Amino acid sequence: MKGFVRILEALISSIILFTSLSYFFTAYDYSFWNAAPLRTLMQDAVYSLYAGHAVNDSFYSGDPAPLKDALEAMMPPTTDFSAEITGAPPPEIKIHCVCAIPEADAVRSRLGLANTLFEYDRRTISIIMSADLDINKADKAADIILFLRTSDLAKQEQRLSAWLGQGRNVMLLADLRQTDFTNSDVAPSLTNVFGLAWTGGSPGTSKGTFTQADNVKKIPYKIAKYFTGSSAYSAFEDFGFNSGPSVNRITPGEGSIINSRAGATDFSFVRVREATGRALWFADYDAAASVTNPDGSVTLVNDDTNKLLRAAIVWESGEKYVIAERQLPSKQPYMRYDFPGAIDSDPYKITILIWKAFY
Amino acid sequence: MKGMLDIEFILAIAIFIGTSSFILLTINSRMPFLEEKSDFNNIMAESYRISDVLIYGSGTPGWESAINANPDSVERIGLSGGRRFYLSSEKLLSLNTFCNPPVAENYVKLNSMLTSRGGVEIQVTDRAGSALVSCQPPKAIGLSQYTARRTVLLDKSPLPPEILAVDVTVTG
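Chains A and B are the protein sequences, given in the same order.
Every letter in the first sequence is one number past the one before it in our numbering, and letter 108, counting from 1, is 108.
Numbers given in our numbering equal positions in the second sequence, counted from 1, plus 1000.
Some clues are possibly wrong.
Unchecked claim - Restricting the straight-line Cα-Cα distance to at most 25 Å, the calculated cross-link-like pairs of lysine-lysine (PhoX-like) are: (1) Lys68(A) x Lys1156(B); (2) Lys349(A) x Lys94(A); (3) Lys1037(B) x Lys356(A); (4) Lys320(A) x Lys218(A); (5) Lys217(A) x Lys356(A); (6) Lys320(A) x Lys137(A).
Keep in mind that the hints were calculated from the coordinates and are not lab data.
Note that this is a predicted model, so its numbers are computed, not measured.
Can you make the complete structure from the sequences, with help from the hints?
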């Protein structure tokens, strides 16, 4: 019996030994070459298109289709990709106004568009507007969701925060009053979404100027660049806004674009908040005010503020130019490639995400 | 009982031989697979190396005018026009003339300048699919092959640059 147990013991140990040995003799054949050809092809394609001016030509023409077609022709047919350019003004900006159509038209008339276009640094930017009073019908393809009344923000904090989290951009073009900040329905949207706070102090002036327009790392620099690049004004312009003891007394801080100075207290007239998406508040102003010149011609008093509104909209659009948009794969891995480029004075980043659609 | 082996000793020898055989057979069965993978990886690396030499290198100075008259005076070729990612149309034309019609000596010379292993095939096409350069071996070489595709530009100054595809196939 003793010998039998020993034989059984030896057999069991040999089985364990063989099983454990197979673990050490497994051949791992991972090779980085699986991904390298696709990555190299992607890098070559983007560099060639950039160096061959196809990318910047797409900005000038405002049509991403030739660039998308060129990329598709270069990539293997079994791959899929999405491509976008961020950091520079896109050729087309879509705004959806949560307002009536005549109100949207009034905003549009402030922007000084020729048909839908205006010129910025030798290229044209088109602004397309749509409108609907029902916030549930907000256009999902819009770059900016625009509000003209604080009452439209009532009980919308969660929705607006979710939009920001999804990378969508919201804008409020309206005067603010202290009652808006004491209204429990509206205040959460103003404070949590737009990052605004009411402040007291002496009566404010109606004039505002850029803050930090010369600091390239800050948002005011970009808006000032878009403002000067699309108008005949300089970055030292004084802009007119509605102001008074109980209007637009917003605490300045990080994100202030235009500040006024009233005694020892600063007030903001334009403030932004950047999360995944962007939130912009722009104080209202008298867009219709005009003066008649001695020669009979009429000059808009706040033409510079109109141009500032346009420049702020360009930044608020997210500065994103979509070349090819595809739903990212949920399971298979994808590669990302970022390439830095520039058009005139605007640096940008080309981002391509590519994956194998079929194996 | 003298002269007879103990059952435990026989079992130990059997397990030892079994283990040793298992290890040797496992290694032996994996080797061809791993060697094949390794060879293919080398071919891929070689094709990308050659594509880099052609795209970024300028070659022996003046090779484009010397190669068709006196191939032995050329040590190295490169298609770069001087600017990164831009190929010289003059060099492309010279290389295509050197390769066509296919002459065995010319192919051997081209191959020796680019690689010490296997065979090289070069194809440069424009976006319409027209071949600007076609250098192919007179007969098929090797069993496995890999084509590295690169995208570059043809310098057509003052005209806008044109996008080209450079396919370098290495067989081994």
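Verification of the hints:
| no. | hint | in the structure |
| --- | --- | --- |
| 1 | Lys68(A) x Lys1156(B) | holds, 23 Å |
| 2 | Lys349(A) x Lys94(A) | holds, 21 Å |
| 3 | Lys1037(B) x Lys356(A) | holds, 21 Å |
| 4 | Lys320(A) x Lys218(A) | holds, 18 Å |
| 5 | Lys217(A) x Lys356(A) | violated, 37 Å |
| 6 | Lys320(A) x Lys137(A) | holds, 23 Å |
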